[in-house]
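Protein chains: 2
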Amino acid sequence: MNGLRVIPLEGLPEIRDGDDLAGLLLDAAAAAGGLESHDVVVVAQKVISKVEGRTVSLTDVEPSPRARQLAGDEDPRRLQVILREASRIVRTRPPLVIAETRHGFVCASAGVDASNAPGRDQLVLLPLDPDASAAALRARLERATGVRLAVVVTDSFGRPWRQGTTDVAIGLDGLRPLRDLRGEQDAAGYELHATVIATADEIAGAAELVMGKTSRIPAAIIRGLQLDGSGTARELVMPPERDLFR
Amino acid sequence: MNGLRVIPLEGLPEIRDGDDLAGLLLDAAAAAGGLESHDVVVVAQKVISKVEGRTVSLTDVEPSPRARQLAGDEDPRRLQVILREASRIVRTRPPLVIAETRHGFVCASAGVDASNAPGRDQLVLLPLDPDASAAALRARLERATGVRLAVVVTDSFGRPWRQGTTDVAIGLDGLRPLRDLRGEQDAAGYELHATVIATADEIAGAAELVMGKTSRIPAAIIRGLQLDGSGTARELVMPPERDLFR
Numbered sequence: 019m020n021g022l023r024v025i026p027l028e029g030l031p032e033i034r035d036g037d038d039l040a041g042l043l044l045d046a047a048a049a050a051g052g053l054e055s056h057d058v059v060v061v062a063q064k065v066i067s068k069v070e071g072r073t074v075s076l077t078d079v080e081p082s083p084r085a086r087q088l089a090g091d092e093d094p095r096r097l098q099v100i101l102r103e104a105s106r107i108v109r110t111r112p113p114l115v116i117a118e119t120r121h122g123f124v125c126a127s128a129g130v131d132a133s134n135a136p137g138r139d140q141l142v143l144l145p146l147d148p149d150a151s152a153a154a155l156r157a158r159l160e161r162a163t164g165v166r167l168a169v170v171v172t173d174s175f176g177r178p179w180r181q182g183t184t185d186v187a188i189g190l191d192g193l194r195p196l197r198d199l200r201g202e203q204d205a206a207g208y209e210l211h212a213t214v215i216a217t218a219d220e221i222a223g224a225a226e227l228v229m230g231k232t233s234r235i236p237a238a239i240i241r242g243l244q245l246d247g248s249g250t251a252r253e254l255v256m257p258p259e260r261d262l263f264r
Numbered sequence: 019m020n021g022l023r024v025i026p027l028e029g030l031p032e033i034r035d036g037d038d039l040a041g042l043l044l045d046a047a048a049a050a051g052g053l054e055s056h057d058v059v060v061v062a063q064k065v066i067s068k069v070e071g072r073t074v075s076l077t078d079v080e081p082s083p084r085a086r087q088l089a090g091d092e093d094p095r096r097l098q099v100i101l102r103e104a105s106r107i108v109r110t111r112p113p114l115v116i117a118e119t120r121h122g123f124v125c126a127s128a129g130v131d132a133s134n135a136p137g138r139d140q141l142v143l144l145p146l147d148p149d150a151s152a153a154a155l156r157a158r159l160e161r162a163t164g165v166r167l168a169v170v171v172t173d174s175f176g177r178p179w180r181q182g183t184t185d186v187a188i189g190l191d192g193l194r195p196l197r198d199l200r201g202e203q204d205a206a207g208y209e210l211h212a213t214v215i216a217t218a219d220e221i222a223g224a225a226e227l228v229m230g231k232t233s234r235i236p237a238a239i240i241r242g243l244q245l246d247g248s249g250t251a252r253e254l255v256m257p258p259e260r261d262l263f264r
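Just so you know, the protein sequences line up as chains A and B, in that order. Take any residue in the first sequence, note its place counting from 1, add 18, and you have its number in this note's numbering. Take any residue in the second sequence, note its place counting from 1, add 18, and you have its number in this note's numbering.
Any given hint might turn out to be false.
[Said to hold, decoys possible] Quick list of the computed label-pair ranges, beta carbon to beta carbon:
| # | chain 1 | residue 1 | chain 2 | residue 2 | range |
| --- | --- | --- | --- | --- | --- |
| 1 | A | 48 | B | 264 | 46 to 52 Å |
| 2 | A | 37 | B | 201 | 25 to 31 Å |
| 3 | B | 35 | A | 243 | 31 to 37 Å |
| 4 | A | 41 | B | 34 | 51 to 57 Å |
| 5 | A | 71 | B | 87 | 53 to 59 Å |
| 6 | A | 230 | B | 75 | 45 to 51 Å |
| 7 | B | 41 | A | 109 | 44 to 50 Å |
| 8 | A | 137 | B | 113 | 50 to 56 Å |
| 9 | B | 41 | A | 243 | 28 to 34 Å |
Read the hints as simulated data drawn from the structure, not as lab findings. Beta carbons are placed, not taken as given, at the ideal position from N, Cα and C, and that holds for glycine.
Please construct the entire structure, taking both the sequences and the accompanying hints into account.
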């Protein structure tokens, strides 16, 4: 078939610190017919973070005066964790904080999230190095299957000016995150200017369409892409000198 | 099959003002096996604009002093057209202009584009009412096929802080653009806060993965979604009072 398939990986258990994520994904993929060469395995960030123990218990957090000020009517300990995860605060409107993370991503709450956390007083943080997480997972999946794969780690980010979140790539390995058409010609023979497509983010969004936050499907396969080269999700971060919105 | 298929609609001719777009899409869909109930037909904005005659010839444009100032080394007539299409200028760095359109979308050049234009001195503008364009196309496709469909009109938008464009929905009919999970519970039983997913934008991005700017595939089918209700792409515009980035 021409085109793509987007296949949900169902039946995964609730993921815990230290779980064998590659093994669980392989089981789920086997139930869906198995992985094929050039499949992209898309995994929600929260699953990666839990396996890597990137969670914080609110009972261990002492909020600073700044955290209390930003919290509005919400729990100031949560704001304290956000401040700790943020390398730069971009906008605030209590209790909302838009911040830049250590990776250079700009997102709500510096990626700190309470939903789908392992316990009521737990927060889930972004992985320390999601590209490395993706690379390690890809290596394990390729070793087990013997086929060429890519892995994309995704999170749901809001956007300025538009309602709702879309899933984007925060870590990846085995594919190029950007498709650069500069220098190519359009159908009429004119050179295309400034046309760089964030393919990895579109892959992340496509996977979200079958993943769903509430139905415990934290992973999906995108089948039908031609994988060529590799890269990192850090390439998706706009360099400060080109950023009109810093 | 569980999951989605993303099917490119190939073999479409170069689209011109007044062409029967619905008929051309039906022919291309027939060659791909035909449309099925609950298919989403995704169409690139440029095709809609061309059919609707939303193009401008640069030879008819007289640049203002402001346009000359913003143009840098580029053609000031192009900047004049952008200023005409913009309802508000958001950022400028000559020759780059980020502007709000009449529809409320914030994007580069107020949506004015020279690539894939019908002629060397032509610019393509956004449709005047892309939701109406989508509704009219959906009505024609549903009448011809007798099945329940949705239509999404897409364009490639840049994003603050991230490299590359992703395709987003600028017009739609036959589906809800936002999936609102507020009040639903996550897998652990906690209520999800502020979780609204811009499904229509993820659909647009998924379609872009098979469309490609240079290979003359301006449309695709997304198959496997459960269509429920309808809405407009205007719902994707962040209301000014909630927008931290105006």
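Inset, instruction - With respect to the beta-carbon atoms only, verify the hint that residue 41 (chain A) and residue 34 (chain B) lie 51 to 57 Å apart. - result: holds (55 Å)
Legend entry - Status of the given 53 to 59 Å range, CB of residue 87 (chain B) versus CB of residue 71 (chain A): This hint holds: roughly 55 Å between Cβ atoms.
Legend entry - Verdict for residue 137 (chain A), residue 113 (chain B) (Cβ pair) under range 50 to 56 Å: Roughly 53 Å apart at Cβ, these two residues keep to the hinted range, so it holds.
Legend entry - Hint check for residue 109 (chain A) and residue 41 (chain B) - Cβ pair distance inside 44 to 50 Å: Once the Cβ atoms are compared, 48 Å apart, the range 44 to 50 Å for residue 109 (chain A) and residue 41 (chain B) holds.
Legend entry - Range agreement (Cβ of residue 201 (chain B) with Cβ of residue 37 (chain A), hint 25 to 31 Å): 30 Å Cβ-Cβ, so the 25 to 31 Å window holds.
Inset, instruction - May I ask you to test the hint 46 to 52 Å on the CB atoms belonging to residue 48 (chain A) and residue 264 (chain B)? - result: holds (49 Å)
Inset, instruction - Using the beta carbons of residue 230 (chain A) and residue 75 (chain B), state whether their distance is inside 45 to 51 Å or not. - result: The hint (45 to 51 Å, Cβ to Cβ) holds, given that residue 230 (chain A) and residue 75 (chain B) are roughly 47 Å apart.
Inset, instruction - Go ahead and decide if the range 31 to 37 Å is satisfied by the Cβ distance of residue 35 (chain B) to residue 243 (chain A). - result: holds (35 Å)
Legend entry - residue 243 (chain A) and residue 41 (chain B) - C-beta distance against the hinted 28 to 34 Å: holds (31 Å)
When held up to the earlier numbered hints, the structure conflicts with none and fits them all.
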